[in-house]
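Heads up: the sequence lines are chains G and H, in that order. Take the first sequence: its letter number 67 is residue 67 in this note's numbering, and every next letter is one higher. Take the second sequence: its letter number 135 is residue 135 in this note's numbering, and every next letter is one higher.
These aren't lab readings, by the way, just hints derived from the structure by calculation. We put the CB at the ideal spot given by N, CA and C, even for glycine. Be aware that one or more of the hints could be misleading.
What the hints assert, rightly or not - Just the calculated beta-carbon pair ranges, DEER-fashion:
no.: 1; chain 1: G; residue 1: R68; chain 2: H; residue 2: T105; range: 43 to 51 Å
no.: 2; chain 1: H; residue 1: P145; chain 2: G; residue 2: A76; range: 27 to 35 Å
no.: 3; chain 1: G; residue 1: D17; chain 2: H; residue 2: D71; range: 23 to 31 Å
no.: 4; chain 1: G; residue 1: V36; chain 2: H; residue 2: D101; range: 47 to 55 Å
no.: 5; chain 1: H; residue 1: R152; chain 2: G; residue 2: K4; range: 20 to 28 Å
no.: 6; chain 1: G; residue 1: K82; chain 2: H; residue 2: G115; range: 35 to 43 Å
no.: 7; chain 1: G; residue 1: I80; chain 2: H; residue 2: R116; range: 28 to 36 Å
no.: 8; chain 1: G; residue 1: V59; chain 2: H; residue 2: V51; range: 27 to 35 Å
no.: 9; chain 1: G; residue 1: G30; chain 2: H; residue 2: Q142; range: 17 to 25 Å
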Amino acid sequence: MHKKPFLTPADIAEELDISSTTVMRKIHAGEIPAIVVSERIYRIPAATFELYKAGRLRVAEAAPLGGRKPRPRVGAGEPIPKPAAAPLARRA
Amino acid sequence: MATLPQLQSRLGRLAATLWNFGAEFPVPTLDSYDSGEVGFSFAARLPGVDVPKAATIRIVEIWAPGARELDIVEYDYDFVDYPLNRRRAFHRHSEEHFLRDFGVTVHEHCEEILGRPSCDHYHGIPVDADEAIRRFMIAWGQPGPLGCNHLRCIR
Numbered sequence: 001m002h003k004k005p006f007l008t009p010a011d012i013a014e015e016l017d018i019s020s021t022t023v024m025r026k027i028h029a030g031e032i033p034a035i036v037v038s039e040r041i042y043r044i045p046a047a048t049f050e051l052y053k054a055g056r057l058r059v060a061e062a063a064p065l066g067g068r069k070p071r072p073r074v075g076a077g078e079p080i081p082k083p084a085a086a087p088l089a090r091r092a
Numbered sequence: 001m002a003t004l005p006q007l008q009s010r011l012g013r014l015a016a017t018l019w020n021f022g023a024e025f026p027v028p029t030l031d032s033y034d035s036g037e038v039g040f041s042f043a044a045r046l047p048g049v050d051v052p053k054a055a056t057i058r059i060v061e062i063w064a065p066g067a068r069e070l071d072i073v074e075y076d077y078d079f080v081d082y083p084l085n086r087r088r089a090f091h092r093h094s095e096e097h098f099l100r101d102f103g104v105t106v107h108e109h110c111e112e113i114l115g116r117p118s119c120d121h122y123h124g125i126p127v128d129a130d131e132a133i134r135r136f137m138i139a140w141g142q143p144g145p146l147g148c149n150h151l152r153c154i155r
């Protein structure tokens, strides 16, 4: 297990003994999921890399139907803002 | 707009994205409600630092039957980074109220210090779950401000 929670493409290149270019190719091909922080900055969670090495990355499959359930109360418990009171009109 | 099979695919893809980032949660299901709507709701625990507890992401979407397909009517994408003691969220609910009183359909939450927001609700722009997760992932575990002071408070 890695001590760092997030890895760079260079970290992965070193561990797999491949070039950073190859790592980037794998990221762009979707073989290694990465967090795209910006055009030039990519982060790979250590957990993702462990899944990759173990061949346990998941492929998306259609979610199952779950049947009838209570409707989630979206925003429940969240105070709803009130509009600011209009300033009182000045008396003539 | 989406069909039921498209929503099943979409939910499956969202789940796989999070699982592949190491998140832990049971297989989410596309559920139906007595209101005639469908939707899903699940909470994922992110890996890594878990003191005081692990960071979490909650994803909720409600879809209502439209003229031909399903339309999204509410969402709740909520990320709490407990190790860094902060929160970011994108919400669409109580739409009639927000539209009438503030002219917005969606709002956001941003707490640089968890539980101590400078503003309870911020103006937002509509996002989908992919975009919300993308933003949460960028913020996850990264020290430095979330940038709440760049948002516009709803007052």
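* Outcome for the supplied range 27 to 35 Å, where the beta carbon pair is P145/H and A76/G -> holds (29 Å)
* Does the Cβ-Cβ separation between R152/H and K4/G fall within 20 to 28 Å? -> At roughly 36 Å between Cβ atoms, K4/G and R152/H fall outside 20 to 28 Å, so the hint is violated.
* To do: Go ahead and decide if the range 17 to 25 Å is satisfied by the Cβ distance of G30/G to Q142/H.
  => Because 23 Å falls inside the window, the suggested range holds.
* Range hint 27 to 35 Å: satisfied by the CB atoms of V59/G and V51/H? -> holds (33 Å)
* **I80/G versus R116/H beta-carbon gap, inside 28 to 36 Å or not** => violated (19 Å)
* Could you tell me whether the CB distance from R68/G to T105/H stays inside 43 to 51 Å? => violated (28 Å)
* Between V36/G and D101/H, does the C-beta distance stay in 47 to 55 Å? -> violated (37 Å)
* **C-beta pair D17/G, D71/H: status relative to the range 23 to 31 Å that was hinted** => Roughly 50 Å apart at Cβ, these two residues miss the hinted range, so it is violated.
* Between K82/G and G115/H, does the C-beta distance stay in 35 to 43 Å? -> With a Cβ separation near 21 Å, K82/G and G115/H fall outside 35 to 43 Å, so the hint is violated.
Violated hints, in rising order: 1, 3, 4, 5, 6 and 7; the structure is consistent with all others.
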